[in-house]
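Protein sequences, first through last, are from chains F and E. Numbering follows our numbering, in which position 89 of the first sequence is assigned residue number 89; successive positions increment by one, without gaps. Numbering follows our numbering, in which position 158 of the second sequence is assigned residue number 158; successive positions increment by one, without gaps.
Please note: incorrect hints may appear among the correct ones.
Heads up, the list lumps identical chains together, so a pair's fine if it works in one copy or across two of them.
[Said to hold, decoys possible] Derived EDC-like pairs: lysine to aspartate or glutamate, alpha-carbon spacing no greater than 20 Å straight-line:
| id | residue 1 | residue 2 |
| --- | --- | --- |
| 1 | Lys170 | Asp225 |
| 2 | Lys20 | Glu189 |
| 3 | Lys110 | Glu29 |
| 4 | Lys229 | Asp120 |
| 5 | Lys118 | Glu27 |
| 6 | Lys228 | Asp120 |
| 7 | Lys20 | Glu32 |
Please keep in mind that the hints were generated in silico from the structure rather than gathered at the bench.
Protein chains: 2
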Amino acid sequence: MSGPAASEERQPELPRFLSKVEAVAMEKELIEDYRFGRQQLAEMCGYACAVAVTKVFPVAALSRKQRTVLVVCGPEQNGAIGLVCARHLRVFEYEPTIFYPKRSPDSLSKDFTTQCEKMDIPFLSYLPTEVQLINDAYSLVIDAILGPGAEPGEAKEPCTSILATLKLVKIPIVSLDIPSGWDVEMGNEDGISPEVLVSLAAPKKCAGRFSGKYHFVAGRFVPDDVQKKFHLNLPGYPGTECVVAL
Amino acid sequence: MSGPAASEERQPELPRFLSKVEAVAMEKELIEDYRFGRQQLAEMCGYACAVAVTKVFPVAALSRKQRTVLVVCGPEQNGAIGLVCARHLRVFEYEPTIFYPKRSPDSLSKDFTTQCEKMDIPFLSYLPTEVQLINDAYSLVIDAILGPGAEPGEAKEPCTSILATLKLVKIPIVSLDIPSGWDVEMGNEDGISPEVLVSLAAPKKCAGRFSGKYHFVAGRFVPDDVQKKFHLNLPGYPGTECVVAL
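Sequences are here, hints too, so could you generate the full structure?
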């Protein structure tokens with residue numbers, strides 16, 4: 001009778017990718033039960049995304065011109081995290097430029113925007129449709145457009161046009177949480193193909209279809225009990241690192 | 001006419017420690033002009049304090065029993081940062097215990113308290129007056145009791161009793177921002193003598209009287225323009241580090 005349990009114990013469990021329902025339940029638990037604040041979560045996640053960028057594109061290896069990063073922020077929570085990420089990239093001596101076409105009226109996003117503006121991070125008034133201009137001007141794109149809460153079928157302008165442009169760029173894309181425009185479970189075979197994915201809190205099911213080179217999880221802040229409850233089985237975060245590579 | 005300027009340029013300027021008026025002005029600028037949120041600032045500072053602890057007392061060098069840390073939190077902002085620090089110490093695999101005798105009614109502090117409670121960090125109901133019990137039970141004390149906003153002459157119970165006890169402990173004390181009970185400019189020669197000081201945002205004048213072994217500044221989030229305006233002249237933060245040793 002102990003057969004199955006014993007065999008389960010023998011092999012180390014693989015990291016688990018959350019369904020949409022599980023991802024929503026986990027966020028609810030963090031916010032409602034643990035009382036994590038939205039500002040606090042966005043700050044931790046945006047910081048961790050910037051740290052993940054430094055792992056793949058270390059600033060010391062880049063010339064001044066190669067440090068240019070285009071951070072594309074959507075109107076919701078994913079965009080707010082993108083703004084925090086841009087600020088930390090600036091602190092880490094990258095040269096971020098933000099494209100944030102549809103600004104959230106939320107005070108959280110407004111405050112993050114002010115922080116970036118006051119730190120002299122440039123904001124683009126439009127995204128060039130000529131993809132070569134983007135390839136030439138920037139070394140990478142941070143995709144903070146749509147998160148797991150967005151329904152891909154319902155993506156509206158300006159997001160659809162931006163995603164059409166990003167599908168054509170040749171410079172690497174770093175996607176925050178999920179690649180924008182992907183279904184949180186099914187992915188999107190016609191969508192963008194990021195080189196780097198930074199899962200926030202925990203990987204979502206669509207990460208199984210990610211074929212880029214680097215997949216990080218930024219979820220060290222998730223309490224042990226919550227990680228266990230959702231059977232995340234993530235590798236340990238080394239030292240004081242806020243991200244871990246899968 | 002260019003004499004003084006030229007000679008100023010020749011010698012690298014030393015880090016500057018802020019007066020009380022300057023520290024208040026800088027915090028006002030961060031909050032009112034840059035729109036940094038109090039939750040965001042507390043999260044960044046508490047995280048950086050926990051990272052500073054790992055620099056002096058690396059967890060890998062400690063046995064399970066040596067990882068015990070007593071985090072003493074006061075009723076105001078310094079205590080809120082202590083709660084965040086305790087949470088990150090837990091994540092970094094220390095064994096924090098919190099003493100938080102006068103709880104703030106502020107929602108910020110309440111939420112940080114809930115995060116710690118739900119992560120099973122124990123809260124002490126009283127601090128042993130027998131100092132040997134503290135020396136035996138813990139490896140270090142985090143002093144998050146009073147910050148630069150407190151008037152040392154006006155310190156009330158339970159803070160005065162706690163500080164009298166901490167003056168006698170033999171285990172190292174890590175003070176957040178300023179040693180509790182010190183005047184932000186003049187220090188306090190009869191006060192506690194921390195081994196580690198973690199200045200938050202920028203060092204305050206009393207840090208000139210600090211005679212402990214390790215002084216860190218946790219202020220990488222302070223925008224360049226603000227650092228320049230207050231002539232902080234801090235050494236560069238290495239890599240993605242959020243603290244730098246002075």
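Hint check results:
no. : hint             : verdict
1   : Lys170 to Asp225 : neither (41 Å within a copy, 35 Å between copies)
2   : Lys20 to Glu189  : within (18 Å within a copy, 58 Å between copies)
3   : Lys110 to Glu29  : between (26 Å within a copy, 17 Å between copies)
4   : Lys229 to Asp120 : between (43 Å within a copy, 15 Å between copies)
5   : Lys118 to Glu27  : between (31 Å within a copy, 15 Å between copies)
6   : Lys228 to Asp120 : between (42 Å within a copy, 14 Å between copies)
7   : Lys20 to Glu32   : within (18 Å within a copy, 38 Å between copies)
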